[in-house]
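*Asks:* In this note's numbering, the protein residues as written are 1 to 381.
Just so you know, these hints were derived from the structure itself, not from any lab.
Every residue, glycine too, gets a C-beta built ideally from N, C-alpha and C.
Certain hints may be false.
Quick list of simulated restraints, FRET-style, between CB atoms [to be verified]: (1) 192 - 26: 41 to 51 Å; (2) 351 - 188: 17 to 27 Å; (3) 174 - 224: 44 to 54 Å; (4) 173 - 348: 44 to 54 Å; (5) 282 - 147: 27 to 37 Å; (6) 184 - 85: 14 to 24 Å; (7) 348 - 260: 19 to 29 Å; (8) 352 - 285: 38 to 48 Å; (9) 150 - 236: 37 to 47 Å; (10) 113 - 231: 46 to 56 Å; (11) 242 - 168: 26 to 36 Å; (12) 186 - 115: 19 to 29 Å; (13) 229 - 172: 34 to 44 Å; (14) 236 - 283: 17 to 27 Å.
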Amino acid sequence: MFVGGFATFAMVYSTQPLLPLLADDFGVSAASASLTVSATAAGLALMLIPGSVLADRLGRQPVMKIALAMAAVLALATAAAPDFATLLVLRALLGAVIAGLPAAAMAYIGEEFAANAQARAMGLYIAGNALGGMSGRFIAALLTDVASWRIALGVIGLLGLLAAFVFWRGLPASRHFRPRAATPARIVGDTLAIYRDAGLPWLFLTAFLGMGAFVGLYNFLGFRLLEAPYTLGQTAIGAIFLLYLVGTWASALSGRLAERYGRRNTLWVMVTVMGSGLALTLASPLWLIIAGVGIFTFGFFAAHALASGWVGRRAGERRALASALYLSSYYLGASVIGSLAGMAWSAGHWNGLTALLGACLLLTAAVALRLRRLPAASNRD
Numbered sequence: 001m002f003v004g005g006f007a008t009f010a011m012v013y014s015t016q017p018l019l020p021l022l023a024d025d026f027g028v029s030a031a032s033a034s035l036t037v038s039a040t041a042a043g044l045a046l047m048l049i050p051g052s053v054l055a056d057r058l059g060r061q062p063v064m065k066i067a068l069a070m071a072a073v074l075a076l077a078t079a080a081a082p083d084f085a086t087l088l089v090l091r092a093l094l095g096a097v098i099a100g101l102p103a104a105a106m107a108y109i110g111e112e113f114a115a116n117a118q119a120r121a122m123g124l125y126i127a128g129n130a131l132g133g134m135s136g137r138f139i140a141a142l143l144t145d146v147a148s149w150r151i152a153l154g155v156i157g158l159l160g161l162l163a164a165f166v167f168w169r170g171l172p173a174s175r176h177f178r179p180r181a182a183t184p185a186r187i188v189g190d191t192l193a194i195y196r197d198a199g200l201p202w203l204f205l206t207a208f209l210g211m212g213a214f215v216g217l218y219n220f221l222g223f224r225l226l227e228a229p230y231t232l233g234q235t236a237i238g239a240i241f242l243l244y245l246v247g248t249w250a251s252a253l254s255g256r257l258a259e260r261y262g263r264r265n266t267l268w269v270m271v272t273v274m275g276s277g278l279a280l281t282l283a284s285p286l287w288l289i290i291a292g293v294g295i296f297t298f299g300f301f302a303a304h305a306l307a308s309g310w311v312g313r314r315a316g317e318r319r320a321l322a323s324a325l326y327l328s329s330y331y332l333g334a335s336v337i338g339s340l341a342g343m344a345w346s347a348g349h350w351n352g353l354t355a356l357l358g359a360c361l362l363l364t365a366a367v368a369l370r371l372r373r374l375p376a377a378s379n380r381d
């Protein structure tokens, strides 16, 4: 599952450090270039629920395996895109097919791991996401400096194929999966039950706002650091994504914090940490900007691991659909707020961007405090 999460994020966000270069190469605006990330996130968001339905019907393992293999092929194809429109289409298709893996991953972990190990297992899976996101971005930036962005995306595709091979060979078979009928009536009934839950809709909103703020910051960080007085090169900007190592540690740590203090008492703290990091990025010295991004990254990955694990615990037998709805909100946030961030950047550069992301985090903090007062659902919180 760590390998699957690693490959997913490496492929999905491989264009993020290349946005200024793509904008220049294809002659498009910064906001348009960011669509290479937003289109993938939108494809993911739209296909997560169909992916969860397939996972309920066909099994978690085959859906995840096929999704990862198909996405790797599409990642390879992006390296040969002849124009910007084709690149956007391929990136959207990549997001749509890879959706099968995250749609089934949380349910697989919820079914195959003992209850007292689920928080740690989820933390490790999210840590794979963080490490993959970091590695994909850094490798893409480094190879672009020494070769070209096409070579960089091709290498990311090859890494995806290698990860798919390891995943196919190594993932243990499901022992506790029981197929559920994928009838429209069952899906509608389960969806209504999920949205009637006192906590799940608020967790979905947390995902939308938190992920939107996270993607918005990283989408335009490179544009800021290319400008004076920083004028960093592509490799140096890519190295900023090594801060994802902080996210890997935070995701693993969040499981232990959840077991000790409870998710309700930890989530709002991590959202506050995100806000503190965002505020630091308003400073001018480069080291303070990097420190702020690191703190923001720590808070985000910890909050995401806490919230996603909480969804699985509250949803019970509907965990696959609930996880898909959570992740759909998560990637819709990346697409919608990530695109709005382009407008904020165009209007007010970093100050305008920070104002938008700060508003998102204030709303996230309010939701997290509401969740703190949520009555416990038996032993699921």
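*Asks:* Would you say the C-beta atoms of residue 150 and residue 236 sit inside 37 to 47 Å of each other?
*Replies:* Because 21 Å falls outside the window, the suggested range is violated.
*Asks:* Using the beta carbons of residue 352 and residue 285, state whether their distance is inside 38 to 48 Å or not.
*Replies:* 21 Å, violated
*Asks:* Confirm or reject the claim that residue 242 and residue 168 have a C-beta distance inside 26 to 36 Å.
*Replies:* Once the Cβ atoms are compared, 29 Å apart, the range 26 to 36 Å for residue 168 and residue 242 holds.
*Asks:* Starting from the range 19 to 29 Å, see whether the pair residue 186 and residue 115 falls in it by beta-carbon distance.
*Replies:* 25 Å, holds
*Asks:* Kindly confirm whether 19 to 29 Å is satisfied by the beta carbon distance between residue 348 and residue 260.
*Replies:* 41 Å, violated
*Asks:* May I ask you to test the hint 44 to 54 Å on the CB atoms belonging to residue 173 and residue 348?
*Replies:* 53 Å, holds
*Asks:* Could you see if the CB distance from residue 192 to residue 26 stays within 41 to 51 Å?
*Replies:* Holds: the Cβ-Cβ distance is about 44 Å, inside 41 to 51 Å.
*Asks:* Just tell me: holds or violated, for the beta carbon distance of residue 229 and residue 172 against 34 to 44 Å?
*Replies:* Once the Cβ atoms are compared, 52 Å apart, the range 34 to 44 Å for residue 172 and residue 229 is violated.
*Asks:* If I claimed the Cβ atoms of residue 236 and residue 283 lie 17 to 27 Å apart, would that claim hold in this structure?
*Replies:* Given about 18 Å between the Cβ atoms, the range holds.
*Asks:* So does residue 174 sit 44 to 54 Å from residue 224, Cβ to Cβ?
*Replies:* Hint holds: Cβ distance 45 Å, inside 44 to 54 Å.
*Asks:* Okay, residue 184 versus residue 85 on CB: inside 14 to 24 Å?
*Replies:* Hint violated: Cβ distance 34 Å, outside 14 to 24 Å.
*Asks:* Using the Cβ atoms, figure out if residue 351 sits within 17 to 27 Å of residue 188.
*Replies:* Once the Cβ atoms are compared, 45 Å apart, the range 17 to 27 Å for residue 188 and residue 351 is violated.
Violated hints, in rising order: 2, 6, 7, 8, 9, 13; the structure is consistent with all others.
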